[in-house]
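Peer 1: Protein chains in written order, with the numbering used here: chain A, 2 to 78; chain B, 149 to 528; chain C, 13 to 366.
Hints were generated in silico from the structure; no laboratory data involved.
All of these numbers come straight from a predicted model, not from anything done at the bench.
It cannot be assumed that every hint is accurate.
[Claimed, not checked] A short, non-exhaustive set of chain C residues, derived as facing chain A with CB atoms under 8 Å:
| id | residue |
| --- | --- |
| 1 | Pro95 |
| 2 | Gln218 |
| 3 | Phe219 |
| 4 | Ser284 |
| 5 | Glu288 |
| 6 | Gly291 |
| 7 | Glu338 |
| 8 | His339 |
| 9 | Ala340 |
Glycine included, C-beta positions come from ideal geometry on N, C-alpha and C.
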Amino acid sequence: MCLAMPVQVISVDISADTAKVSLGGILKEVSLALVDDVSVGDYLLIHVGFALNKLDEDEATKTLEIFAELARLHAME
Amino acid sequence: MKYIDEFRQRDVAQALASEIKKTVRPDRFYRLMEFCGGHTHAIFRYGLPDLMPDNVEFIHGPGCPVCVLPSSCIDRAIERVQGYDAILCTYADMLRVPASGGSSLFKAKAAGADIRMVYSPFDALKISQDNPQRQVIFLAIGFETTTPPTAVVIKQAAAIKQPNFSVDCNHVLTPAALLAILTPADGQLNIDGFIGPSHVSTVIGSEPYEFFARTYKKPMVISGFEPLDVMQSILMLIHQINRETYCVENQYSRAVTPGGNRKAQALMAEVFTQTKSFEWRGLGHLPHSALQIRENFSAYDANLRFPVETAPASEVKSCRCPEIIRGIKKPHQCKLFGTSCTPENPLGACMVSSEGACAAYWSYGRFRDPRYKINTINEA
Amino acid sequence: MKHKSITSTIRTPFNRLDIKNGRVELVHGSGGRASAQLIEMLFKTHFDNDLLAQNNDQALFAVDAGRLVMTTDSYVVSPLFFPGGDIGSLAVHGTVNDLAMGGAVPLYLSVAFILEEGLALKVLEKIVISMARAATEAGVKIITGDTKVVERGKGDGVYISSTGIGRVPSAVNFSGDQAQPGDAIILSGSLGDHGIAIMSHRENLQFETQIVSDSASLADLVACMIEVVPGIRCLRDPTRGGLATTLNELAQQSRVGMLIHENTLPIKPQVSAACELLGLDPLYVANEGKLVCICDPNDARKLLSVMRQHPLGQDASIIGRVLADEHAFVQMETLLGGYRMVDWLSGEQLPRIC
């Protein structure tokens with residue numbers, strides 16, 4: 002529900018509780034009021050100028066591996 | 149774009165489509181409700197119906213917070229701007245929602261009301277700081293994805309004691325809407341499984357859905373927003389339906405955990421409390437289905453600061469949104485669809501934004517309507 | 013390149029205009045000495061050419077026998093300056109492009125300014141210099157014009173109206189009603205650059221990007237295309253409302269359908285990302301230096317090759333074909349292989365949160 006997208010953290014401003022994030026090269030500042038322990042390089046889900054959650058990159062990789070396997074099997078048919 | 153493009157790959161889509169075709173049983177239908185308007189949008193925007201076998205049907209749910217707001221909400225917002233000469237800050241999605249008598253925020257703005265588009269609740273707070281002599285009202289809408297940001301900004305306003313800032317809170321709750329779908333008045337529930345919302349679930353977690361799956365014996369798969377997420381979720385639902393299980397599965401594991409975002413939940417609980425009842429366009433009055441600002445933040449409650457009287461909401465006769473939202477009718481089965489009700493002139497909730505089922509059908513998919521007799525897809 | 017004013021050799025009767033610190037005043041639009049000073053010292057200095065120097069309220073010129081095209085457009089863009097251009101260059105490119113879409117060699121432009129009282133003269137000069145440069149690059153002369161001034165608060169700094177005249181070569185007969193089933197659809201380059209460049213400069217959108225507007229004169233590209241395929245069915249530049257609007261217009265005009273393929277559409281990664289962030293569909297985002305070409309399918313490869321050799325057509329792509337369809341639907345095969353309609357834009361495309 003509602004448009005939220007994965008962006009990468011470029012820099013963190015601890016005092017302002019904000020981060021500069023990048024989506025495909027576009028830079029934006031977002032509030033970190035809803036998340037903790039954010040580091041440069043992390044992926045965040047952002048919505049209306051706020052980070053909602055950190056993306057779990059291990060889980061993302063697992064999902065993509067399932068996809069890759071499916072595609073590989075399908076190509077062999 | 150990382151973690152976006154990889155979820156839009158054609159070869160994976162074709163593979164998933166093939167798996168789905170192999171998994172469906174030919175002797176039954178699979179009626180799957182995508183609860184969330186964002187999923188409705190993704191399904192039509194990527195043409196997923198073309199990749200499904202004929203016995204998989206999408207039922208479009210009420211999870212579009214713009215669509216489900218009654219016209220009385222917009223009427224009140226317009227009343228406040230005009231009656232109190234306030235600045236109204238709103239997300240762009242709300243501008244064309246139909247109010248009473250054919251009005252809308254867009255039309256009120258054109259007639260001179262000071263209505264400004266914002267991209268974040270922080271923008272509204274800033275406008276109040278830049279215009280200390282004017283009252284600034286933020287029209288807060290959305291399901292649980294959008295609620296925590298509003299909570300943060302209300303707290304911020306209270307911390308700096310911003311005197312001219314207030315919030316018109318219309319945040320609605322997903323479990324209540326889900327319950328309404330699962331308990332129709334006539335007892336007719338023709339839905340076999342649910343594609344659960346993505347970003348609401350990042351906030352509330354996957355746990356809240358367990359009760360519904362168990363009690364109403366319907367499988368639920370929390371799905372990511374991208375088309376491959378939706379397709380994988382459909383495959384998972386079909387497996388469950390075949391096995392006659394009714395668990396909550398989390399396809400969107402990269403963003404959703406069982407407990408969700410506790411920090412965001414705590415902030416919401418600190419600032420808001422549940423309303424006894426809230427009126428939904430198309431679903432009627434639902435108990436405990438929306439939020440209001442708590443007493444200790446009541447100084448920032450626009451409903452208290454700017455009381456207005458408006459007539460109760462009335463929907464257009466012949467509008468079939470209530471049935472469409474519950475999956476009983478399809479958009480083209482509504483007399484008004486595409487005739488008097490179009491995206492330019494939306495009469496009902498489902499046509500209001502691109503998230504709504506009727507809008508999605510009209511803008512992305514009306515060429516599939518059998519009345520047009522187009523063979524272009526085959527020709528292509 | 014600044015044009016040397018031909019009046020520099022004559023003792024000017026006007027006092028120097030204080031471009032550095034001066035502002036537009038109501039008196040500049042009233043037709044008196046101040047108006048004349050503004051026209052002489054600012055507009056004519058930079059637009060300098062023999063026809064403008066006739067110094068009449070009209071420009072007199074001869075035309076060769078043949079067909080002419082005329083077009084007009086108004087420019088109200090805000091902000092006035094944006095990455096890759098400004099309202100001035102836009103006013104030249106936009107009108108020149110409308111002529112070029114008719115297959116014409118652009119010849120002359122007229123420009124009318126509506127200035128807001130209080131506009132800094134140095135801002136106006138910047139715009140005028142930019143227009144002069146754009147005109148030179150496009151090979152057109154600005155030969156007549158008008159200036160009016162409105163009270164402070166009644167304008168947006170500057171509005172510009174521009175009318176253009178061009179000559180159409182005899183072999184050329186472009187028209188939007190000539191598309192036929194089977195025809196190829198070619199797009200000259202990446203979508204959405206202009207719209208995103210403008211939006212990135214809108215104050216409350218707050219995102220940083222390196223995207224610049226694609227505002228450019230397409231006249232030369234069109235001339236190269238006509239040279240190899242004079243029988244092009246039609247050209248149109250997708251400006252406001254984006255590619256989707258242009259395709260729907262052409263489909264309706266020709267009473268045909270269209271099918272395009274999402275995986276053939278050139279879109280810069282940052283434009284894609286900006287559209288994702290704002291919830292916009294790049295098919296509806298404005299362009300100012302791109303064209304759509306509909307041609308016989310047998311000419312498509314030849315045209316594509318010539319376009320790709322031109323600086324403004326390097327990312328040219330065959331994006332689809334015309335179909336027989338009395339409903340004039342424009343359809344798109346999505347990235348995933350499903351289908352969706354590419355409908356007319358309903359209302360203004362607004363960013364969404366949902």
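Peer 1: A separate judgement is required for each hint: does it hold in the structure or not?
Peer 2: Against the structure, the hints:
no.	hint	verdict
1	Pro95	13 Å, violated
2	Gln218	7 Å, holds
3	Phe219	5 Å, holds
4	Ser284	6 Å, holds
5	Glu288	6 Å, holds
6	Gly291	5 Å, holds
7	Glu338	36 Å, violated
8	His339	31 Å, violated
9	Ala340	31 Å, violated
Hints 1, 7, 8, 9, counting from the list given before, are not met by this structure.
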